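Visitor: Got two chains here, each in a separate frame; can you build the complex from them with the hints?
Residue numbers (our numbering), protein chains in the order written: chain G, 906 to 1044; chain W, 6 to 117.
One or more of the hints may lead you astray.
Some but not every residue of chain W turned toward chain G, in silico, with C-beta under 7 angstroms [stated by the list, open to error]:
no.: 1; residue: 9
no.: 2; residue: 10
no.: 3; residue: 27
no.: 4; residue: 29
no.: 5; residue: 60
no.: 6; residue: 64
no.: 7; residue: 65
no.: 8; residue: 69
no.: 9; residue: 89
no.: 10; residue: 94
no.: 11; residue: 97
no.: 12; residue: 101
no.: 13; residue: 102
no.: 14; residue: 105
Worth flagging that the hints you see were computed from the coordinates, not collected in a lab. All values derive from a computational prediction rather than experimental measurement. In this text, a Cβ means the ideal position worked out from N, Cα and C, and glycines have one as well.
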Amino acid sequence: MSPMPGGHSLDLACPPDDVTAVHRFLETVWDAEPTLSAEDRMALELALVELASNVIEHGADGHGVVCSLQLDVGPDSVRARLTDDGVPVEVDPAAATLPDALAESGRGLALVQMVVDDLRYERVADQNRWTVRRGRHPA
Amino acid sequence: MDIVVHEAAEDTAVLECSGRLNMVSAGAFRETVAKVVDGGRARLVVELSGVDFMDSSGLGALVGCLKTARQAGGDLRIAAPSEQVQMVLKLSNIDKILRTYPDGDAAVSTWG
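Okay, chain W solo, but in the shape it has when bound (with noise of 0.2 angstroms):
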């Protein structure tokens, strides 16, 4: 998996993720997250429409994500979800924790 970071505002990054989300990405995925949130951006953004597979292992690493970013005094959204991901997300209804949006720039501008 790639994993491109954007530092959208002062407090806020956009991950523009593509490949697989799986047990073989998920821990690398957990290290770029803490080393933005280290670096002082708590409010993120997982842009996954270039992930065409995420797994349970994927799902635990943006639970993870989730904590790590509301621990700092943020929180995660994910913006565009491939179709696959979607499948995930409503199978496990994860909806109840993780917001969607359609794509990153209404995932960023919403943040009040």
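So here's chain G without its partners, still in its complex pose (with noise of 0.2 angstroms):
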């Protein structure tokens, strides 16, 4: 946990840690802050899930992947920064859009991009940086 007020990290090796590790890592962000909104809440929790499955599923390339997420609950916005050190990813996030309905994947991004203000991919060094930012929005 970071000594910054509102700001808080996650280290993850995967396998053998997974989304599991995400979900109870955003259990305690809620617990410590309070005043975020269930709304906010919702919609944080499904972007960084998604955000990290991808980067799972995909950064891995078959030999595991580190991650590191953090999280800055603001007076005004939350920001999140996903990096791993996975393979880089050949994606326009701003292109993301929803496939047929009839699909049974490619719809992550897309919901992302739903959920979130502002959604960023960078491939920093040798890492791939994610970064979301959502406007908070009162209960």
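Guide: Next up, the structure:
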């Protein structure tokens, strides 16, 4: 846990860790940030679990992946950053759209786009970096 | 995630789910549905009131299971989605292909 007020962080090594660790981490963040509305919590949990799932599924390249999630709960917005040491990702998050209704995959990034105000992907040195920002909605 | 299978009729099963339907549990959910359909029950009601989190992996599993049920001559209905599940269903426009019922009994009893 970061000593900064509103700052929270989680390190993951997958495997053996999986998105269950992200859910549990977020439960501790919500306990520490009781003013965050239920709507904001639902949106952020969906966004961060979708991003972590993508990293674990696609970024690992069969060798496992190490990632770090940082969450900064500010008075007006919540910012999160997910970094991983996986292979580079060919993706334009701004272009993410929902697939055909009968598709069984490919909805993750489109859903993230819908519940955050800003979503970015960058390749920095040998790491992938996903950043999201969501303006806080009062309860 | 926990799944309890209720054999509601000769061709109908209600799957009472609780926990999280995500990439960790989606595979087990698909396997459970495949077994139920193989066992002769292709009309499926997936009761989701106890599912407090579902994501795109869970949605994909529901769509896959809908296809499994239809290929066997049945269908798949959703009952009693929690607030979080309702949000994801709405955002994904999945209500076009997956009908939602207020509870398991309503989903079963309206099957003609």
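Visitor: Hints first: check each against the structure and report whether it holds.
Guide: Structure-based check of all given hints:
{"no.": "1", "hint": "9", "in the structure": "21 angstroms, violated"}
{"no.": "2", "hint": "10", "in the structure": "22 angstroms, violated"}
{"no.": "3", "hint": "27", "in the structure": "6 angstroms, holds"}
{"no.": "4", "hint": "29", "in the structure": "5 angstroms, holds"}
{"no.": "5", "hint": "60", "in the structure": "5 angstroms, holds"}
{"no.": "6", "hint": "64", "in the structure": "6 angstroms, holds"}
{"no.": "7", "hint": "65", "in the structure": "4 angstroms, holds"}
{"no.": "8", "hint": "69", "in the structure": "5 angstroms, holds"}
{"no.": "9", "hint": "89", "in the structure": "5 angstroms, holds"}
{"no.": "10", "hint": "94", "in the structure": "11 angstroms, violated"}
{"no.": "11", "hint": "97", "in the structure": "6 angstroms, holds"}
{"no.": "12", "hint": "101", "in the structure": "5 angstroms, holds"}
{"no.": "13", "hint": "102", "in the structure": "5 angstroms, holds"}
{"no.": "14", "hint": "105", "in the structure": "14 angstroms, violated"}
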